[in-house]
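Take the sequences, apply the hints, and build the full model.
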Amino acid sequence: GMATEAMNSNDGATATRLPSATGVLSLLAAWGMLLHARKCDPGLGRLILSLPFLAANLCLPFLIPSEQVVARACASGQFAWWSNFKIIAFCCNRGPLVGLDLKAFALVLALPVSPLEKKSKRTPASRKPASASPGRSSQLAEFSRKVVAKGAGLAACVFVLKHNAWPGWARACASSSGPCARPTTFSNYVTDFAEALGLYTLLGVLEDGLGAVSANVVGIQVEKSFENFFLSASLAEFWSLRWNQHVAKLLKCVVYEPLVERAWVRGEGKARQRGKPSALRRAVATAATFVASGVMHEVVFFYVAGVMTGGWWTFFSLQGVFVIIESLLRKHSVFAGLQVSRWVKVPFTLGFLLWTGEMHFFRPVRDHGVDKAVVDNLGSLLKL
131 GMATEAMNSN DGATATRLPS ATGVLSLLAA WGMLLHARKC DPGLGRLILS
181 LPFLAANLCL PFLIPSEQVV ARACASGQFA WWSNFKIIAF CCNRGPLVGL
231 DLKAFALVLA LPVSPLEKKS KRTPASRKPA SASPGRSSQL AEFSRKVVAK
281 GAGLAACVFV LKHNAWPGWA RACASSSGPC ARPTTFSNYV TDFAEALGLY
331 TLLGVLEDGL GAVSANVVGI QVEKSFENFF LSASLAEFWS LRWNQHVAKL
381 LKCVVYEPLV ERAWVRGEGK ARQRGKPSAL RRAVATAATF VASGVMHEVV
431 FFYVAGVMTG GWWTFFSLQG VFVIIESLLR KHSVFAGLQV SRWVKVPFTL
481 GFLLWTGEMH FFRPVRDHGV DKAVVDNLGS LLKL
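In the working numbering, each number is its position in the sequence shown, counted from 1, plus 130.
No incorrect hints appear here.
Pairwise CB distance ranges, derived in the manner of DEER restraints: (1) Ser510 - Leu158: 30 to 40 Å; (2) Asp231 - Leu484: 36 to 46 Å; (3) Ser510 - Phe478: 35 to 45 Å; (4) His293 - Arg392: 50 to 60 Å; (5) Cys189 - Gly440: 20 to 30 Å; (6) Lys475 - Arg412: 15 to 25 Å.
Cross-link-like lysine to aspartate or glutamate pairs, in silico, DMTMM-like; alpha carbons within 20 Å at most: (7) Lys382 - Glu357; (8) Lys502 - Glu428; (9) Lys382 - Glu247; (10) Lys292 - Asp497; (11) Lys382 - Glu353; (12) Lys233 - Glu353.
Simulated from the structure, these hints should not be mistaken for lab results. Using N, Cα and C, we set each Cβ at its ideal position, and we do this for glycine too.
Structure follows, in structure tokens:
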């Protein structure tokens, strides 16, 4: 009896170790093929050699228990989306991995960062032009300060959401009874606002902390992911210049640029010989970029909740339509000469994002209990 139990126990341990060993060996083999792909010319051959690593990235988030919802969400974003998009862009001779040595290539691939671009043609209106790129030590100090500030902000958001510890005026306005009574949906907007701030601080800690600080420690200066998003005076400014630029630039080089240039691989075909792309082509590329963003957000939602609702796809796809309409209105003769103060445009833009977010972004999160799971998970991690 005891000998049989011991043998069964050993068999079980061996059976557990075998898949782990197989997984590690498979990942190493996929990494070896990716390294070989670096030596190939951009195009289909490089993509084929990269396919095993792309597949491995899709599997990695499943290694994290579903109860660890925050870690699984971060892993699905990093590996199933961002890392894979970097590889796809690399196969097209585009994106942040092009021209990097092996150490930098591995680091940028493994972390939610993009190397600092030497030149930037477009910057937000509030950003002051710099005469030179910031030094390594100064950028490390800047990102470290941001991590501390965003970490404190994240803890505050989690505490408020977990314990319903709203300020008096917010609690009254979010209530469905009392002197400041509002419909139930108004309380949703108050919660949505807090969750949006929580998402911003969580991504800030992830990308500024894990990515930017780690990258700077080994000497790679990286792009900022967020640039005062609360100062956005238009949807185009919010999405293309201020919110999560690490992801926005990946979408640009994987979806937008190939469509505008009419070439999958940069430098091939007649991409640079046709002059400025038409307004229609830019509009189609913009819409496709937001649709792709919606698809990948749905993929992340699936890793976390186990379902795809279509809500996040709808939200981001519609944002592309709204950005195009906004651009058309700005160019229309009736609105071209209309001067509207940023003090008006900023709250309108943020309010519009919150309104559309309530309909399609935050509602699926509530309906599937993802908001509560995230708050509880972060609350336990932060001991709140």
